[in-house]
Amino acid sequence: MSNKKPVLLVILDGFGYSSEKKYNAIAQAHTPHLNSWFSTYPHTVLDSSGKAVGLLGGYIGNSEVGHLTIGAGAVVPQAVAVIHSAIDTGSFFKNKKLTEALTKLTHSKKILHIFGLLSDAGVHSHIKHLFAYIKAAREHKIQKIVIHPFLDGRDTPPKSGKYYLEQLSEYIKSMSNVIIGSLHGRFYAMDRDNNWKRTQKSYRVLTEQIEPTFVHWSEVLEYYYTKNITDEFIPPTLLSSDAIIQNGDGILFFNFRPDRARQLTKAFIDKHFSHFSTKKINLTFFITPVAYNKNINTTVLFARQPLKNTLKHILSKSGKTIFTIAETEKYAHVTYFFSGGQEQALPGETQVLIPSLPKKNYVDHPQMSAEKITEAIVHSLKNAPTNFYLINYANADMVAHSGNLPATIKAIEYLDTQLAHLYKTAIEKMNGIMIITSDHGNAEVMFDKKTQQPRTAHTTNPVPFLYIGHDYKNIDLSNLRKLSDIKNFVLKIMESPN
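For the sequence shown, our numbering assigns the number 137 to the initial residue and increments by one for each residue that follows.
Because the hints were derived from the structure by calculation, they are not lab data. Among the hints, erroneous ones may be present.
[Unchecked claim] List time: in silico DSSO-like cross-link candidates among lysine-lysine, alpha-carbon distance up to 27 Å:
{"id": "1", "residue 1": "Lys295", "residue 2": "Lys363"}
{"id": "2", "residue 1": "Lys333", "residue 2": "Lys402"}
{"id": "3", "residue 1": "Lys363", "residue 2": "Lys298"}
{"id": "4", "residue 1": "Lys295", "residue 2": "Lys585"}
{"id": "5", "residue 1": "Lys430", "residue 2": "Lys416"}
{"id": "6", "residue 1": "Lys264", "residue 2": "Lys230"}
{"id": "7", "residue 1": "Lys416", "residue 2": "Lys280"}
{"id": "8", "residue 1": "Lys415", "residue 2": "Lys333"}
{"id": "9", "residue 1": "Lys586", "residue 2": "Lys363"}
{"id": "10", "residue 1": "Lys240", "residue 2": "Lys309"}
{"id": "11", "residue 1": "Lys232", "residue 2": "Lys277"}
{"id": "12", "residue 1": "Lys430", "residue 2": "Lys333"}
{"id": "13", "residue 1": "Lys240", "residue 2": "Lys280"}
{"id": "14", "residue 1": "Lys280", "residue 2": "Lys298"}
{"id": "15", "residue 1": "Lys430", "residue 2": "Lys232"}
{"id": "16", "residue 1": "Lys416", "residue 2": "Lys245"}
{"id": "17", "residue 1": "Lys230", "residue 2": "Lys246"}
{"id": "18", "residue 1": "Lys246", "residue 2": "Lys280"}
{"id": "19", "residue 1": "Lys246", "residue 2": "Lys416"}
{"id": "20", "residue 1": "Lys271", "residue 2": "Lys246"}
{"id": "21", "residue 1": "Lys298", "residue 2": "Lys337"}
{"id": "22", "residue 1": "Lys277", "residue 2": "Lys246"}
{"id": "23", "residue 1": "Lys141", "residue 2": "Lys508"}
{"id": "24", "residue 1": "Lys508", "residue 2": "Lys565"}
{"id": "25", "residue 1": "Lys232", "residue 2": "Lys337"}
{"id": "26", "residue 1": "Lys415", "residue 2": "Lys245"}
{"id": "27", "residue 1": "Lys416", "residue 2": "Lys233"}
[To be verified] For each label pair, taking beta carbons as the anchor points, the in silico distance ranges come out as:
{"id": "28", "residue 1": "Thr242", "residue 2": "Ser305", "range": "21 to 31 Å"}
{"id": "29", "residue 1": "Ser354", "residue 2": "Lys271", "range": "23 to 33 Å"}
{"id": "30", "residue 1": "Ser377", "residue 2": "Arg274", "range": "52 to 62 Å"}
{"id": "31", "residue 1": "Ser354", "residue 2": "Lys628", "range": "51 to 61 Å"}
{"id": "32", "residue 1": "Lys628", "residue 2": "Glu302", "range": "45 to 55 Å"}
{"id": "33", "residue 1": "Ser413", "residue 2": "Pro371", "range": "18 to 28 Å"}
{"id": "34", "residue 1": "Pro491", "residue 2": "Glu302", "range": "33 to 43 Å"}
{"id": "35", "residue 1": "Lys609", "residue 2": "Lys271", "range": "58 to 68 Å"}
Virtual Cβ for every residue (Gly too), placed ideally from N, Cα, C.
Build the full structure now, drawing on both the sequences and the hints.
This is the structure:
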C-alpha cells in the first residue's frame with residue numbers, strides 16, 4: 137500500500153447533535169464505546185443544513201446533499217435553491233425545454249399529468265415548484281392538467297397531508313381545467329429499494345381504468361387515518377376516471393432528487409422494462425427538473441454537470457485505493473452522490489452493495505444490515521486493505537424515520553457495537569484512522585413539540601465529527617466548520633494533493 141495506515145470515513149446517516157436529552161435517541165442510548173471515544177479523542181460539530189450545504193436558509197439537510205457536499209468539499213448550489221431562484225427571477229417560465237414541450241401539448245390538445253411529492257421540506261421536491269409548473273402550463277393554455285400528489289409524512293409530520301392538499305386545492309380552485317386525479321403515499325410511488333410491487337401499485341393507478349372508490353382527497357385521508365395509516369403509507373388511490381395517463385399525454389415529474397424518482401420513471405420510459413407488466417403509452421414528453429440517471433432519457437430542465445474533483449477522484453488520481461460500502465438504502469449516496477454524479481467505480485475503487493432488508497420500516501429490525509457491512513469491512517482490512525474506506529451505516533436515519541424512539545435507541549446501541557469491531561481491527565491492530573461523522577441530523581430529535589406528533593423528519597442540527605487515531609494529540613480540528621471542510625481534512629491526513 138502507498139499509505140501505511142487505512143483511513144476510515146464512517147458516515148452514521150441521520151446522526152445529529154443536540155444537547156437536549158428528551159426525545160433524543162442518541163443521548164438516551166447506551167453507547168459505551170462512543171462515549172469513551174468522545175471523552176478521549178478530538179471532536180467538533182459541523183453545519184449540515186441550509187446554506188452550508190447549498191440549500192435554502194433554514195432547510196433541513198438530507199442524505200443526497202450531505203454526501204454530495206462531503207465528497208465535493210464545496211458548497212454546491214442544490215436544485216431546490218436553483219429552481220427557487222429561477223421562479224423568483226422569472227427565468228423559470230422562459231425555460232426553453234419547458235416552453236417547447238408545453239407548446240407541443242397545447243397543439244395536440246392532450247393532457248398534462250404532473251406528479252411528485254407534495255411537500256415544502258425541500259428534500260425531494262417543493263410545493264412552490266408545483267405551483268410554478270401549473271402556472272406555466274396555464275400560460276400555455278394546456279387543455280387539461282391532472283395533478284397526482286405523492287404524500288410525504290416522512291420529511292414532514294406524519295399526518296400533514298391535509299395541510300398541503302388544502303394549499304393545492306386553494307391554488308387551483310378557480311382553474312376549471314385542473315384536477316387532483318389520484319393520491320399516492322411516497323412509500324409506494326417513491327420506492328428506491330427495488331420493491332417493484334410498490335412501484336407497480338402507483339403505476340396501475342396512474343394508467344389503468346379502475347372505478348374510483350373515493351371522489352375527494354379528504355375522504356381518502358379520513359379513511360386511512362382511522363386505520364392508523366399515515367401519509368407516507370397511504371395506498372395509491374384513484375380519484376377520477378378522467379385522470380388516467382394515455383397516448384399523447386405529457387408527464388412532468390417535479391421531484392428534483394433522483395434516487396426515489398427513478399423506479400416509477402423507468403416504468404414509463406424504459407423500453408426494456410421487465411419488473412412488471414406495463415402498457416405501451418406513447419407520451420409527448422416526460423419532463424424532469426434534473427437528470428435522474430444517465431440511462432433514464434427524460435427532458436431535463438436544469439441540467440447539472442458531474443463534479444470531477446471530488447475526494448474520491450483526487451484519491452484515485454493519486455494512486456490511492458478506495459473501498460466504498462453501504463446497504464441498498466444508502467448505496468446511491470456513497471457512490472453516485474459522493475462522487476459528484478458519477479455512478480461507476482473510479483480506478484482503484486471497490487464498491488460493495490449490501491442488500492437492505494425488504495421491510496416496510498425497520499422498527500422490528502433496527503440492526504438493519506449493519507453487521508454484514510461491518511463483516512465486509514473487517515474482511516477487507518484483514519485480507520486486502522485499501523487506503524481509504526467510505527462507509528455508510530443507515531440505521532440512525534432509517535429507524536428514526538419511523539418516529540419510534542425505543543427502536544431508534546436500539547439502532548444507535550447496535551451501531552455502537554459495530555463501530556467497536558471496526559475500532560478493534562482498524563485502530564488497535566492496524567494503527568489506522570477512523571473518522572466518525574454524519575450527513576444530517578434526525579435521530580437526535582424524535583418528537584415534534586409544535587405538532588405534538590412523533591418527528592420522522594430530518595433536522596437542522598449540526599452533526600458530530602470525531603477523529604480517532606493514535607496521533608490524536610497532534611490533530612487540530614479548529615478549521616472544521618461544515619461538511620464541505622471534511623474533504624481537505626482527509627486529503628491532508630492522507631498526504632494527497634488537493
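Okay, the hints, checked on the actual structure:
For the suggested pair Lys295 and Lys363, the alpha carbons sit about 13 Å apart, so the restraint of at most 27 Å is met. For the proposed pair Lys333 and Lys402, the alpha carbon gap of about 14 Å is at most 27 Å, so the pair holds. Using a Cα cut-off of 27 Å, the hinted pair Lys363 and Lys298 holds, with the two alpha carbons roughly 16 Å apart. Under the criterion of a C-alpha separation no larger than 27 Å, the hint pairing Lys295 with Lys585 is consistent with the structure, at around 14 Å.
About 22 Å separates the Cα atoms of Lys430 and Lys416, which keeps this hinted pair within 27 Å; it holds. About 17 Å separates the Cα atoms of Lys264 and Lys230, which keeps this hinted pair within 27 Å; it holds. The hinted pair formed by Lys416 and Lys280 meets the criterion: a straight-line CA distance of about 22 Å does not exceed 27 Å. With a CA separation close to 16 Å, the supplied pair Lys415 and Lys333 stays within the 27 Å bound.
Between Lys586 and Lys363 the CA atoms are separated by roughly 24 Å; this keeps the pair inside 27 Å, and the hint holds. Restraint check for Lys240 and Lys309: the C-alpha separation of about 26 Å stays at or below 27 Å, so the hint holds. Between Lys232 and Lys277, the direct Cα distance comes to roughly 17 Å. Compliance with the 27 Å bound is thereby established for this hinted pair. With a C-alpha separation of about 24 Å, the suggested pairing of Lys430 with Lys333 holds against the 27 Å cut-off.
Distance hint between Lys240 and Lys280 is fulfilled; the C-alpha atoms sit about 14 Å from each other, no more than 27 Å. Restraint check: the Cα-Cα separation between Lys280 and Lys298 comes to about 24 Å, which is no more than 27 Å; the hinted pair holds. Distance hint between Lys430 and Lys232 is fulfilled; the C-alpha atoms sit about 21 Å from each other, no more than 27 Å. A distance of roughly 20 Å separates the Cα atoms of Lys416 and Lys245; the hinted pair therefore holds under the 27 Å criterion.
About 21 Å separates the Cα atoms of Lys230 and Lys246, which keeps this hinted pair within 27 Å; it holds. Annotation: proposed proximity of Lys246 to Lys280 holds, straight-line Cα distance about 7 Å (limit 27 Å). Restraint check for Lys246 and Lys416: satisfied, since their Cα atoms lie roughly 17 Å apart, inside the 27 Å limit. With a CA separation close to 17 Å, the supplied pair Lys271 and Lys246 stays within the 27 Å bound.
Simply put, Lys298 and Lys337 have alpha-carbon atoms about 22 Å apart, close enough for the 27 Å limit, and the pair holds. Pair hint Lys277 plus Lys246 holds up; C-alpha atoms about 11 Å apart against a cutoff of 27 Å. Under the criterion of a C-alpha separation no larger than 27 Å, the hint pairing Lys141 with Lys508 is consistent with the structure, at around 23 Å. About 20 Å separates the Cα atoms of Lys508 and Lys565, which keeps this hinted pair within 27 Å; it holds.
Between Lys232 and Lys337 the CA atoms are separated by roughly 34 Å; this puts the pair beyond 27 Å, and the hint is violated. Between Lys415 and Lys245, the direct Cα distance comes to roughly 21 Å. Compliance with the 27 Å bound is thereby established for this hinted pair. A threshold of 27 Å between alpha carbons decides the hint, and for Lys416 with Lys233 the separation of about 24 Å falls inside it, so the pair holds. Checking the proposed 21 to 31 Å range against Thr242 and Ser305 shows it holds: the Cβ atoms sit about 25 Å from each other.
At about 25 Å, the CB distance of Ser354 to Lys271 agrees with the hint of 23 to 33 Å. Under the hint 52 to 62 Å, the C-beta atoms of Ser377 and Arg274, about 23 Å apart, miss the expected range. Checking the proposed 51 to 61 Å range against Ser354 and Lys628 shows it holds: the Cβ atoms sit about 57 Å from each other. At about 52 Å, the beta-carbon gap between Lys628 and Glu302 stays in the expected band of 45 to 55 Å.
Separation of Ser413 from Pro371 is about 19 Å and conforms to the stated range, judged on CB atoms against 18 to 28 Å. For Pro491 and Glu302, the hinted distance range of 33 to 43 Å is satisfied, since their beta carbons lie about 40 Å from each other. The beta-carbon spacing between Lys609 and Lys271, approximately 59 Å, falls within the hinted interval of 58 to 68 Å.
Hint compliance for this structure: hints 25 and 30 are not met, and every other hint is.
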